[in-house]
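Given the sequences, and given the hints that come with them, work out the whole structure.
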Amino acid sequence: MAQASTQAAYRPMSGRKRKSFRQHLQDNAGILFVLPAVITFLVFGLYTVIYSVILSFFRWNGFGKFSILPFACAPPACQFAGLDNFAYFLYQEPTMSGFFWQALQHNLIMAVFVTAGTVLVALPIAIALNRAAKGQTIYRVLIMLPMVTAGIAVFYVWSFIYEPDGLLNSVLESVGLGFAAAKQGWLGQPDRALTSLMIVMIWSSVPMAVILYLAGLQTIEKDLYEAAVIDGASAWQQLWNITWPLLLPVTVVIVITSINGVLQGYEMVYLMTYGGPAGHTEVVGLQIFKYGFGDQRQLGMASAMSWALFVLVFIVALVNLRIFRSRTEV
Amino acid sequence: MTTHKRLVSQLSLIAVAALVAACGTATTPAPQATSAPAATTAPAQPSGNEPELTMWTWKVFHVPGLEAVAKNFEAKEGVKVKITAYNPDEVYRTKITTSAQSGDLPDILSYWSGGQWELAATDQLVELTGVVDPAWKANFLSGTYEKSSTLTQSTYDTCQKDPKCTYKNLKVGQSFSVPYLAGQAFFVYANKEILQKAGLDPNKAPTTAEEWMDMMKTVKAKTGTPGLVTGEQNADVLHYWMFNPMMMTSCGQEKYDAIYNGNGSFADPCVLNVFKWINDIQTNDLWMPNILQTNIDPADVAFSQGKAAFDLGGTYTLGFLVAQGMKTENLLSFALPPLKGSAYSKLEVSAFALIDAMVTKTSKHQKEALDFIKFLTTPEQMAVFAKTVGDFPAVKVPLDPDKIGPVLVGLMSAFSGKSPFDTSKAQILEEPGKVLKLGLQQFITKETTPDDLVKKIDAANKAAWDAKGGPLK
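Chains A and B, in that order, give the protein sequences.
Numbering-wise, the first sequence is residues 0 to 329 according to numbering that gives the first Met the number 0.
Numbering-wise, the second sequence is residues 0 to 472 according to numbering that gives the first Met the number 0.
None of these hints come from the bench; they were simulated from the model.
For each residue, glycine too, the CB sits at the ideal point set by N, CA and C.
Mixed in with the good hints, there may be bad ones.
What the hints assert, rightly or not - As a list, the in silico EDC-like pairs of lysine to aspartate or glutamate whose alpha-carbon atoms are at most 16 angstroms apart:
#1 B:Lys455 - A:Glu266
#2 B:Lys345 - B:Glu209
#3 B:Lys306 - A:Glu172
#4 B:Lys306 - B:Asp235
#5 B:Lys433 - A:Asp164
#6 A:Lys289 - B:Glu430
#7 A:Lys64 - B:Asp122
#8 B:Lys436 - B:Asp457
#9 B:Lys163 - A:Asp164
#10 A:Lys289 - B:Asp457
#11 A:Lys289 - B:Asp235
#12 B:Lys203 - B:Glu192
#13 A:Lys289 - B:Asp103
#14 B:Lys467 - A:Glu92
#15 B:Lys461 - A:Glu92
#16 A:Lys289 - B:Glu49
#17 A:Lys182 - B:Asp103
#18 B:Lys163 - A:Asp190
#19 B:Lys472 - B:Asp156
#20 B:Lys445 - A:Asp190
#21 B:Lys75 - B:Glu49
#22 B:Lys433 - A:Glu92
#23 B:Lys163 - A:Asp294
#24 B:Lys424 - B:Asp156
#25 B:Lys467 - A:Asp83
#26 A:Lys64 - B:Asp103
Claimed, not checked - Covered stretches of chain A, going by a simulated chain B footprint (3 or more residues, C-beta under 8 angstroms):
#27 58-68
#28 303-313
Quick look at the structure:
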């Protein structure tokens, strides 16, 4: 009682009880728990994003003074460029814009075929694994291997497979299909390099898609299939009318992550072809890398190109979501 | 609770330390025993407060050579120099960029010759204009210091016209670095055994490009071995190692400069003939298979394994081939031969600066750092470096096999004091350069022809010079 009156004396106007520090902590525990993540995001996420947006309007080689907090840009190493960086590779300079649009075309081809290939390969594997009565664990481990193997090692092994005297040509020759072998190597011929790269991309992205599909398949009630069998539905009809529609949300995730990965990625191209032969596998990510970290060090240009790519990825993701949402809502 | 807090703080410290350590990829090989001669002066007695200098490079295999020189410097001056390599190139560039921002550059930097202007323009380097006196200048090979370590009039003019140039505040004649590594790329190596198998004279180098093409055809016809290999995955290789020297001999320096500087056309017969000759390598099926996916080192490895009769490389190639197990007596080397009817009957080859050393403004020991780069670029210490690493110094070293090794003596003897490239004022712009590089690769993929390519390059060159306000006069 005495305690209550003392508290009232301290806060006569509000009429509220004064909370102890402990109570404050308890009330705001949620905020405290997310604070480290928020701070990390603000410093390493938002700040760098804003920095990159502002940088895309400047020419800067990385040596002179450039900062956004407080703002500083010391010429001649740093110069305001306005929209020049964007104009340069989008339309203004015919040579460089030609290279950019060609690289973007490769990105889009890859996005379509790698995504379609991943879905078409992963879904049957997931269905087969889901139905396997024995040895499921072994099969799953085998399927997951590409996902857990170090990328750099995998890419080099594939490069060896694709060489003129590599495994693929040897196998083709040994089974009497020597005419189909790539004399200049599968990554060395313009008509096959992009396809060969996409095969490796599909190979490395299938395991994750299989995991997601398996998880999705296990949520489908068996009753649905039993009812369909009673109604006389064939296996194909079950797949098309039950499995595929119920797996659409999973497919949305796979499609968006795959397109996003393919449009932004460049590591595999960097390691396996460096954009060759004669620019036939050049992608925008690799161009950004070359502008930013090559001997030109045009960091503003690299940022501008990154944002152009972001806009494309964003639009593609929105379109995908819209298409799939309309299908799943029906 | 106190114990718990202590544990948490210790774990945090370990995590931060691990994170910081993981950010760097520094490679500091342990000092190696070297047969390099020590400095002749008596070792300076350390007083205990001598500064320790730091020097960065991106060439890991240069570290033992630089350390050998550093050891001699320590013996003479009592100042220690710690050499650290960061590689590959992109990592080194990023390391320098971030260190320049945080003021953590080393005392001495190695950097690509001609690339130091961007660092100099942002006040990162100690100016050496006037510091490099005539006696010091006399040490350098012709075409190195005066061409790429001093800001020339033509480099200045091009920069002033280019809105993107980031070193407009520099003046003609300013200098911020000295070269210590040089080389040249216009060398062809032949495998004598393969030439002999094809019935060719293994000791006779071709005097014209046509003769060389015939030799490659003979090798292919008689042994089935492809004629030529080089690191074509790197688009610069065909451009700088083959096309440019052949164009220079074919057209002569005046026309070469005029064409690149926007005052001439790539359709000129002297250029078109070079394109046709390079295209003929493909039409005669003389390239090693998978050539467009073969980079410089794998190309040299393939050549050393007898997968091609000829290897297009540079001064630095020889050491690599020997390291791969090739015997020098099995190698025939010659400068890239000119086409018949060329403006020059022979390409005079001189050294070209590749790596410069410079003192940073943030160095607390600028005098000692300057003393070290002066010491490094003396003929005696450059000989130590050259012998240790087998690479070509930018300084006139004694042509003594005992001092620099027999291989380098042979190569250095092949150099003439003057090359048309020394006085060339050609500016190769980025955009037409890209078209040219891609076009040369497209000869191999059969996607373009010499006639088509000259049209594309002319258009790109005109557009690029127009964007800079007109051709370079």
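Can you confirm whether the C-alpha distance between lysine 455 of chain B and glutamate 266 of chain A stays at or below 16 angstroms?
violated, 31 angstroms
So if I understand the rule, the pair passes when the alpha-carbon distance is 16 angstroms or less; does lysine 433 of chain B with aspartate 164 of chain A pass?
With Cα atoms ~31 angstroms apart, lysine 433 of chain B and aspartate 164 of chain A exceed 16 angstroms; violated.
For the region 58-68 of chain A, does the count of residues with a C-beta closer than 8 angstroms to a C-beta of chain B reach 3?
Coverage by chain B holds here, the residue count being 6 at a Cβ distance below 8 angstroms.
Restraint status (C-alpha distance of lysine 203 of chain B to glutamate 192 of chain B at most 16 angstroms)
Status holds; Cα separation ~13 angstroms.
Has the given pair, lysine 345 of chain B with glutamate 209 of chain B, been kept, meaning a C-alpha gap of at most 16 angstroms?
holds, 14 angstroms
Within a Cα-Cα threshold of 16 angstroms, do lysine 163 of chain B and aspartate 164 of chain A meet the stated pairing?
violated, 46 angstroms
Is lysine 445 of chain B within 16 angstroms of aspartate 190 of chain A, Cα to Cα?
With Cα atoms ~11 angstroms apart, lysine 445 of chain B and aspartate 190 of chain A stay inside 16 angstroms; holds.
Distance restraint between lysine 289 of chain A and aspartate 235 of chain B, which requires alpha-carbon spacing of 16 angstroms or less:
holds, 14 angstroms
Within 16 angstroms, alpha carbon to alpha carbon, are lysine 306 of chain B and glutamate 172 of chain A?
violated, 21 angstroms
Below or equal to 16 angstroms on CA atoms is what counts here, so check lysine 163 of chain B against aspartate 294 of chain A.
holds, 15 angstroms
Given the proposed pairing of lysine 289 of chain A with glutamate 430 of chain B, does the C-alpha separation stay at or below 16 angstroms?
At roughly 14 angstroms apart (the allowed maximum being 16 angstroms), glutamate 430 of chain B and lysine 289 of chain A satisfy the hint.
Is lysine 163 of chain B within 16 angstroms of aspartate 190 of chain A, Cα to Cα?
violated, 37 angstroms
Hint check: violations occur at hints 1, 3, 4, 5, 9, 10, 13, 16, 17, 18, 28; the rest are consistent with the structure.
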